[in-house]
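> This is what each chain is made of:
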Amino acid sequence: MSLTVDDVNKIAYLARLGIDTQDTESYAKDLSGILDLVTQMSTVNTDNIAPMAHPLDQAQRLRTDQVSEVNNRDSFQAIAPQVEAGLYLVPKVLD
Amino acid sequence: MHNKTIAQLAKGLQAGDYSSQELTESYLGRIKQHQALNSFITVTEHQAIAASKQADAMLAAGDAPFLTGVPIAHKDIFCTQGVKTSCGSKMLDNFIAPYNATVVEKLNDAGVVSLGKLNMDEFAMGSSNETSFYGSVQNPWASNTVPGGSSGGSAAAVAARLIPGATGTDTGGSIRQPAALCGITGLKPTYGRVSRFGMIAYASSLDQGGPMTQTAEDAALMLQAMAGFDPKDSTSVDREVPDYTTNLNDSLVGLKIGLPKEFFDEALNSEMAAAIETAIKEYKKMGAEIVEVSMPNLKLAIPAYYVIAPAECSANLSRMDGVRYGYRCENPADLNDLYIRSRGEAFGTEVKRRILVGTYALSEGYYDAYYIKAQKIRRLISDDFNKALEQVDVIMGPVSPAPAFGIGEKTDDPIEMYLADIYTIAINLAGLPAMSIPAGFIDNKPVGLQIIGNYFDEAKLLNVAHQYQQVTGWHQQTPKGFE
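For the protein sequence lines, the chains are G and V, in the order given. Numbered by my numbering, the letters in the first sequence go through residues 1142 to 1236 in order. Numbered by my numbering, the letters in the second sequence go through residues 448 to 930 in order.
Pulled out of the complex, with its shape left as it was, chain G reads as follows (with noise of 0.2 Å):
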């Protein structure tokens, strides 16, 4: 399996991941031989496998539907990077 540099800025735009050019190479290298590793799980058949998502099988508890968390906004809204009247800043997505 074998990834080219193009491949690499795709998937890290998919990301939303900035690489340095002169980095992606090395990238499509180390991924490549990432995915030769993972490629050996193709030597086993796992038909009628049943995948496994929980190391217990366990299913998502349910809860009864009422509000159970605090306001927290003033303390989670000191460590943003830019905010404003109770609001995150990011830079303009509408014209």
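Since the hints were derived computationally from the structure, they do not count as laboratory data. There's no promise every hint is true.
Claimed, not checked - Stretch by stretch, here's where chain V covers chain G in the computed footprint (C-beta under 8 Å, at least three residues):
| id | region |
| --- | --- |
| 1 | 1171-1183 |
| 2 | 1193-1201 |
| 3 | 1206-1220 |
Stated by the list, open to error - Computed list of lysine-lysine pairs in DSSO-like fashion (alpha-carbon distance at most 27 Å, straight line):
| id | chain 1 | residue 1 | chain 2 | residue 2 |
| --- | --- | --- | --- | --- |
| 4 | G | Lys1170 | V | Lys857 |
| 5 | G | Lys1170 | V | Lys746 |
| 6 | V | Lys703 | V | Lys679 |
| 7 | V | Lys537 | G | Lys1151 |
| 8 | V | Lys907 | V | Lys927 |
| 9 | V | Lys500 | V | Lys537 |
| 10 | V | Lys823 | V | Lys708 |
| 11 | V | Lys728 | V | Lys892 |
| 12 | V | Lys834 | G | Lys1170 |
| 13 | G | Lys1233 | V | Lys537 |
| 14 | V | Lys907 | V | Lys728 |
| 15 | V | Lys732 | V | Lys746 |
| 16 | V | Lys531 | V | Lys479 |
| 17 | V | Lys451 | V | Lys553 |
| 18 | V | Lys451 | V | Lys500 |
No experiment lies behind these values; they were computed from the predicted model shown. Think of the CB as a built atom: it goes at the ideal place given N, C-alpha and C, for glycine as much as any other residue.
Chain V: place on chain G using the hints.
Frame of chain G; chain V shown alone:
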């Protein structure tokens, strides 16, 4: 004083032999004296002294919980209210946690005094502590070797006796492997036993917090405080916590120990194999029986892990976007630029590698071939363990194929580093509890013996570990320069 165990210190504090403030100041002094180890990211000196005074008041008033006044420190993955919680990353270098992790809260309730936050691989991704934004940690046994990872700071600090115990987390071996490489005791509990709330997520279906200490008895005391159901963690298991100290002294006569033949193949360093065999002989002397078991799918553990863990990490780390907390790039041109540059500038190489692999594995057209396939393999591996544990009480083997390697020795080849986790990763996939205990030395570098048990059988593991520590002295060895 610093060679005392948590059990001894707690007793001494309750008896009034010394105060928590004296203890706290003494350990803070050692942390300062041995800064070169780089085991701490943050030392919370003032808060620690204040907490120790409070502990002394509680001790004087009587009826204080058993761990009152005992100094410990937390891996920097656990959120600590009002204290920087970096997770070893530039991304969270400015992050002051707004609340406590449940583990932190529970240990506080048990009376401990936290001295600070311990170094670790960035977002717990690494086996050597070399991916930390704050630099690598020295192994106290040989300063040019790694302490293991990702809980490398925890292991080094306990080994150097800078603290009597620490918290750690284990996603693929991150408690057990550094415990082995630094010659201390580490316990990864059953998945769901210890709350993950406030423990920064790497791979949510594998992550589990646990204690790192000198002895099994201390691990029992810390686990007692850490374990239990937490409604704030959706995968926490609602099950009673037994008294972990009750069975420590049970006899091991008739104990059935399974040795998986796949653990002792050519990948294992021959001196390591010999050291593990010597430890097993000690168990035979105590009356244990040895049974050969088989893990036919063990070789698939690393491939499956390197799909599941990166897939989950790519989803978990998407919350680090430069908007609500953490690092934000300068002058973003638009929202995409804000995301891309904030994440690109603040994540290190290993974290980026795993995000990329996970994003690829979860992308359209590849999901079944990678993620679902890996989850099916995960069941096969889990079935192997369950079958073996029908025949035996515990499974034993090495923790790592060789003792501590040199700093910088494996950084160029990520895959070589991944392969060294072969004996620990499978246990996380199965969700079983496992320990690493000190079991000798190779060229003055510690060796760890791994003990794997059945689901929620931590008390049995601790009993098996404690009995070994009654007849051996490996866990009492202190590295040169730290006596």
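> Against the earlier hints, flag every one the structure doesn't satisfy and list their numbers going up.
6, 8, 9, 12 and 15
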